[in-house]
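Here the protein sequences come in this chain order: A and B. The numbering of the first sequence is our numbering, which starts it at 41 and goes up by one. The numbering of the second sequence is our numbering, which starts it at 171 and goes up by one.
If you are wondering where the hints come from, they were derived from the structure by calculation, not from laboratory data. The C-beta atom is built at its ideal place from N, Cα and C for all residues, glycine as well. Hints should not be assumed to be uniformly reliable.
Just the calculated beta-carbon pair ranges, DEER-fashion [what the hints assert, rightly or not]:
hint, chain 1, residue 1, chain 2, residue 2, range
1, B, D184, A, S105, 26 to 32 Å
2, A, G193, B, G344, 46 to 52 Å
3, A, Q127, B, R391, 42 to 48 Å
4, A, A313, B, R383, 47 to 53 Å
5, A, Q127, B, E378, 53 to 59 Å
6, A, D352, B, G364, 50 to 56 Å
7, A, L321, B, G191, 37 to 43 Å
8, B, G191, A, G152, 52 to 58 Å
Output of the computed footprint for chain A on chain B, the stretches with three or more beta carbons under 8 Å from beta carbons of chain A [as the list claims (entries may be wrong)]:
hint, stretch
9, 208–221
10, 265–274
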Amino acid sequence: MSLAELSDLLGREFMQRALLAALLTGLAAPAIGTFLVQRRLALLGDGIGHVAVTGVALGLLTGTSPTWTAVVVAILGAVLIEVIREQGHTNGDVALALLFYGGLAGGVLITGLAGQGANKLQAYLFGSITSLSDADVWFTLALAVVILTVTLGLLPQLFAVASDPEFAKVAGLRVRFYNLLLAVLAAITVTVAMRTVGLLLVSALMIVPVATSQQLARSFRTTLAGAMAVGGVAAVGGLLIAASFPADTTVAPGPTIVLLALAMFAATWPVGAWLRRRRRLAEPFPILTDDSPDEHEVGHADGEHPHQHGDDCGHPAVEHGDHVDYVHDGHRHAPHGEHYDEH
Amino acid sequence: MLNAAGTPVVEARDVTVALGGRPVLRGNNLIVREGEFVALMGANGSGKSTLVRALTGLLPLTQGSVLLFGTPVGDFKARHRVGFVPQRGTAAGGVPANVREVVSSGRLTRRGLLRPTSRADRAAIDDALGVVGLSDKAGDSVSTLSGGQQQRVLIARALAGEPDLFFLDEPAAGVDLPSQLALAEALRILSGRGASIVLVAHELGPLEPLVDRAVVLRGGRVAYDGPPLPQDDVHGHHHPGGAAHDHAPHVGSPFDTLQSRAREGGR
């Protein structure tokens with residue numbers, strides 16, 4: 041596709057609407073996703089997405105707006121999932137699986153009853169940019185603003201509840217309220233993202249940017265901000281890629297957005313792995329209270345150390361109390377006068 | 171330190187708790203007075219963690235009552251007066267969080283909704299980090315710390331709310347010796363400031379000189395309440411590790427719950 045065609049595409053009204061909707065979705069989905077990952081509920085969004093399929097189908101059957109029926113059913117599903125998770129002691133995942141597949145099967149069945157083919161449902165399952173109306177964009181805008189305001193405004197509370205519910209409860213926070221709030225916000229996010237990414241891939245836009253951001257971030261806030269940045273870039277970039285395919289292909293924006301986010305993860309992961317390895321090797325050795333080193337014992341039989349350790353000797357220098365140990369073929373050499381002690 | 175005539179901060183009467191329909195605690199009385207340092211001891215499964223969870227309001231009572239600062243625990247609103255350190259394993263979540271962020275959570279008992287951190291909040295967080303000796307680790311990701319350091323982060327989190335009453339559930343279980351010493355030092359500072367402390371411990375180790383009173387549980391009942399005992403007298407032999415004990419067997423079917431259906435007495 042030439043530059044002229046691209047600028048022609050960007051000049052079209054439907055494309056501008058779609059880009060705005062994608063950007064907002066890309067910012068809002070990872071904001072919720074960060075809390076879901078923190079609570080180790082990375083697949084919750086996927087479950088809500090499956091349940092929302094039934095909502096879309098009900099809309100198609102009754103002739104009302106599928107977006108609104110999807111919002112209602114997704115919220116009901118999210119609350120039900122949260123209640124099962126909270127009450128159940130073990131095997132919560134099996135209960136969730138029952139709900140997921142019920143939602144998907146029910147949705148496909150009802151769509152069939154409505155006499156609508158798979159094509160109609162496909163626009164909701166994998167996203168469709170051309171179907172967005174002005175009203176849809178306003179709807180997306182309003183919900184994305186609500187999601188971002190609530191998550192960022194209540195960040196300290198949501199963080200405390202997500203990281204340690206028992207502590208939060210003793211601290212007087214209404215744990216159940218915040219958990220339900222997060223579930224409802226996740227349900228709204230799913231329906232907001234339904235038009236751009238699609239119900240079956242929406243969870244990826246909530247989770248993959250967080251996984252990407254985590255590679256480099258050391259704090260919760262930077263993870264959240266980084267995930268929002270990755271989500272925004274992936275959503276806008278993926279939409280442009282989908283739009284730039286030739287007119288005779290039918291590429292939905294969902295797969296391109298998700299694959300772009302995954303590509304960003306693939307690019308960051310090696311850096312993250314390298315940083316984590318470096319940090320692990322440089323971690324100071326613990327000072328033990330009965331830490332009497334094998335004094336004056338030298339690691340080599342002839343008592344001669346064939347190598348002078350130093351700043352640039354190539355052996356990792358690791359802090360150990362008040363001195364530095366050089367890691368050397370599985371030994372720890374600590375300089376002591378003219379020789380090295382084994383630590 | 172010990173004040174025999176002090177005002178009671180915790181008053182538990184006839185505390186009975188059932189988990190999943192199985193009685194775990196039966197008719198226990200416990201009074202903790204202002205400034206006291208009480209150690210709850212006993213073998214695995216004796217109910218000591220359950221008792222502390224009932225005292226903080228995490229578990230409903232089937233019978234009896236718990237008063238914190240004279241108010242029933244269910245109606246207790248002055249949550250900033252209580253600091254809780256849960257059993258370890260929860261300092262790191264699925265997302266990296268730095269030490270300062272985790273400790274800041276403890277300040278929520280005193281912060282209103284949608285309020286930025288004030289100078290007093292930051293001072294309390296700095297002080298809490300200083301007491302547990304982790305000031306230089308404030309920017310580090312919690313998951314990169316050792317188990318003992320993570321435990322100290324959780325103590326700092328409870329400290330940040332500047333409470334008068336601390337509940338600590340097995341803070342020293344599986345913690346290396348330097349961290350145990352740092353923990354003892356932190357608790358000594360707290361106790362010196364006049365805080366009341368209820369500590370669940372399998373064994374006291376370096377904490378022993380700090381403890382005013384030991385309460386030993388056996389089979390869900392208080393078996394001893396008095397001056398601290400030498401370790402061997404508590405339960406005769408040593409169990410390695412401080413693993414959590416399940417009082418009710420786990421049920422393996424979806425939609426089943428283990429929530430107690432008994433009336434929530436005393437709430």
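Consistency of the hints with the structure:
Under the hint 26 to 32 Å, the C-beta atoms of B:D184 and A:S105, about 58 Å apart, miss the expected range. Separated by about 38 Å at the C-beta atoms, A:G193 and B:G344 break the suggested range of 46 to 52 Å. Checked against the given bound of 42 to 48 Å, the beta carbons of A:Q127 and B:R391, roughly 30 Å apart, lie outside it. Taken as a hint, the range 47 to 53 Å holds for the pair A:A313 and B:R383, whose Cβ atoms sit roughly 51 Å apart.
Separated by about 41 Å at the C-beta atoms, A:Q127 and B:E378 break the suggested range of 53 to 59 Å. Hint check: A:D352 to B:G364, Cβ distance near 54 Å, so the stated range 50 to 56 Å holds. For A:L321 paired with B:G191, a C-beta distance near 51 Å fails the hint of 37 to 43 Å. In this structure, B:G191 and A:G152 break the distance hint of 52 to 58 Å, their C-beta atoms being roughly 45 Å apart.
Remark: the stretch 208–221 of chain B is not confirmed as covered by chain A, as 0 of its residues place a Cβ nearer than 8 Å to a Cβ of that chain, below the required three. Counting residues of the stretch 265–274 of chain B whose beta carbon lies closer than 8 Å to any beta carbon of chain A gives 8, which reaches the threshold of three, so the coverage claim holds.
When held up to the earlier numbered hints, the structure conflicts with 1, 2, 3, 5, 7, 8, 9 and fits the remainder.
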